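Engineer: If you read the protein sequences in the order shown, they are chains A and B. The first sequence stops at residue 392 when you use our numbering, and every number in between is there. The second sequence stops at residue 392 when you use our numbering, and every number in between is there.
Rather than coming from a laboratory, the hints here were simulated on the basis of the structure. Just so you know, these numbers come straight off a predicted model, no measurement behind them. Some hints here could point you the wrong way.
Repeated chains share a single entry, so a pair holds when one copy, or any two copies, can fit it.
Said to hold, decoys possible - Taking lysine to any residue and the SDA-like style, the derived pairs with C-alpha atoms no more than 25 Å apart in a straight line are:
#, residue 1, residue 2
1, Lys259, Arg138
2, Lys259, Leu10
3, Lys259, Glu13
4, Lys81, Asp94
5, Lys28, Phe11
Each chain is listed here by its residues.
2 protein chains.
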Amino acid sequence: MKINEHYTEIGNNYLFAEIAKRVREYKAKEPGKQVISLGIGDITQPIAPAVIEAIHRATDEMTDTSTLRGYSPDSGYDFLVQAILKHEFTDRGIHVEADEIIVSDGAKSDTGNIGDILSPDNTVAITDPAYPVYVDTSIMAGRRIELLPCTPANGFLPSFPKQKTDVIYLCYPNNPTGTALTRGQLKTWVDYAITNRSLILFDAAYEAFISQQDVPHSIFEIEGARQVAIEFRSFSKTAGFTGLRCGYTVVPKDLTAETSKGEKISLNALWKRRQSTKFNGTAYIIQRGAEAVYTPEGQRQTRETIAYYMHNAGIIRDALESAGLICYGGINAPYIWCRTPDGLTSWQFFDLLLDRVQVVGTPGSGFGPSGEGFFRFTAFGKREDTLEAVSRIKSLL
Amino acid sequence: MKINEHYTEIGNNYLFAEIAKRVREYKAKEPGKQVISLGIGDITQPIAPAVIEAIHRATDEMTDTSTLRGYSPDSGYDFLVQAILKHEFTDRGIHVEADEIIVSDGAKSDTGNIGDILSPDNTVAITDPAYPVYVDTSIMAGRRIELLPCTPANGFLPSFPKQKTDVIYLCYPNNPTGTALTRGQLKTWVDYAITNRSLILFDAAYEAFISQQDVPHSIFEIEGARQVAIEFRSFSKTAGFTGLRCGYTVVPKDLTAETSKGEKISLNALWKRRQSTKFNGTAYIIQRGAEAVYTPEGQRQTRETIAYYMHNAGIIRDALESAGLICYGGINAPYIWCRTPDGLTSWQFFDLLLDRVQVVGTPGSGFGPSGEGFFRFTAFGKREDTLEAVSRIKSLL
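Please take these sequences and the hints and turn them into a complete structure.
Structural biologist: Laid out in structure tokens, this is it:
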């Protein structure tokens, strides 16, 4: 048998695996030292009690033949789809329909698998720096990639691709830079996609952290987006589901493509076909947990946790700036993106922080070439760890 | 953008979606009639109490910062990997190593996604009839398929492919025919794969239902299989996890391929790279539930449930045979595969059973051309439903 040789074209190490390895090696060398991680964007605060209660209730249903649930409907249970529809879209005046929401086990799976329904010949534009999944999965499929630099020089607003582009990944609020686009800025991209018949893959995993009025929560707030965009959403950061696994993807029925025979194909139908063939639904008990995010208690509890993380973001940004670092993000996203000091490379700064003050962050260069010379801190730590970490960093700089 | 046009080459309807549609339409037409399904292989018996308790305990851990779990390790938690290793392999004298077991959200995802790491140029051989995922995902990737008929004429033992084949899907105990291979029969396939440098994708989702001594539970019982096979396992049928979602795939480190540059590549590393890039782990609470399957109580409870289903299998097979139908399977698998009476096509028999006695089964032709003229019944019903269904069928025939 032959393998998919495009796999040999990607780096050997997934960014976070490399970080974990360096931390493991450091801890083996220095077992007495206490390492604090503001690195991978994993949650540290308890799951909302409303979610926990819903999971317990649903788990108990699995003990009785009359309430037991087996295979989930392919696109998710209607109770969850309806809760998402109402709270995320309808109540905000955004036009999305129930059968356009497809529940999954998380946005990483969906942003990774979406390429399945697209031609390998498609060219792809990806903002740089970016969440590594967009680049890695595009390489795995053999697609030509154009990177769109996002730096302080352009205010982290990418320029349009130089070459004709079929597919564009946008993630706003952005991971890793923590920056956001205004409605007006996002509209220029929707207009570009309409003109160029491009598809926008919009990763909105961090929309719950938006604090400013002119930042859109969904690309479907923008006129025309229903013809050109797919949106990815996640409960991971919104409600702490990194260890529970639930997300959803919105594929509007207005989004179509023409085959080489001139046949019009709905991407909504294609994605559902992909999911019904290669995925078997998200666990019932997890979907009940996700539904509970939308109860009044669930909303109050998850918003408190988001406020807690965003308070951390303020602490990090203030401390780094007072130590003389130039920082971005942290206003509409749980990430602070700072320039490394003294011209250090991203990995040099990583090693310096680990060796000298036992603080772990994420080297910007791991997110792409335009990330070189930058460093990402996440606001997902515990308060005491965050305070201790910034205090150590300040003492070093 | 252009779509993956191979998607237009597959049928519009996933088999079980078409069945669900016909049942829905029938119920709308005849709201008073009570329909019994022995169709889709979904479970009806409660989840083992040991599993339920483990999920509750793990869910409570998510309420406390000191026990909270975020992202799972990419290949699954060590507690689950070690439990699988010991009970499924080491205790049975089968050589598998811990880092060869990769936990997932189920065998459907893994059998569907495994093609990602293989060249689209690979040719594929698939037993016919088969679980539709093998054919559909091969078509989606644009691979040439050779079907290997399995019928009473060859005792459901497929002949070797006529053309050189890179990848071979085998599912034993088999879905849909319910038949099994002996160790000797499976060895001829391992030998074929070694000689022809083929890869065997071995779906062992039903191994827990094996009752006969000479039927292998794992392809890794066969000498040489570690060089040529990947095995898919599932908790769905073993422990009723259809609605909880957990499975695992075993990729031996002995399994390698050569690139066009002559470089030797480990498929274990490739699959881990695929999963760490396009998947974010199975929920912690679900992995704790799966671990509990291997406690003494979990083993006793899940074995009782399997015995319950296999008792159903005996009831179905006996009743259908006494009604004059020719039946296969039901000994080492929870499926009974019977010839349709009076030369009816599979869908004609489906409509007859639904219209006349309100019993739902699965048309054999939905599993491939060699399934035409056959019909699948599953043993996963409740006892009373199973008895009522076979009584209705007997009254009809």
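Engineer: If a hint holds in the structure, say so; if it doesn't, say that too.
Structural biologist: Verification of the hints:
1. Both within a single protomer and between protomers do Lys259 and Arg138 lie at most 25 Å apart by alpha-carbon distance, with minima of 23 Å and 24 Å respectively.
2. Taking identical chains as interchangeable, the C-alpha atoms of Lys259 and Leu10 lie at most 25 Å apart only when they sit on different chains, with a minimum of 24 Å there against 39 Å within one chain.
3. With identical chains, the CA atoms of Lys259 and Glu13 are at most 25 Å apart between copies only, with a shortest distance of 23 Å across copies and 44 Å within one.
4. Proximity of Lys81 to Asp94 under the C-alpha cut-off of 25 Å is restricted to the intra-copy arrangement: shortest distance 13 Å within a copy versus 44 Å between copies.
5. Taking the closest pair of Cα atoms, Lys28 and Phe11 come within 25 Å of each other only inside a single copy of the chain (21 Å); across copies the shortest separation is 56 Å, beyond that limit.
When the structure is compared with the earlier hints, no violation turns up for any of them.
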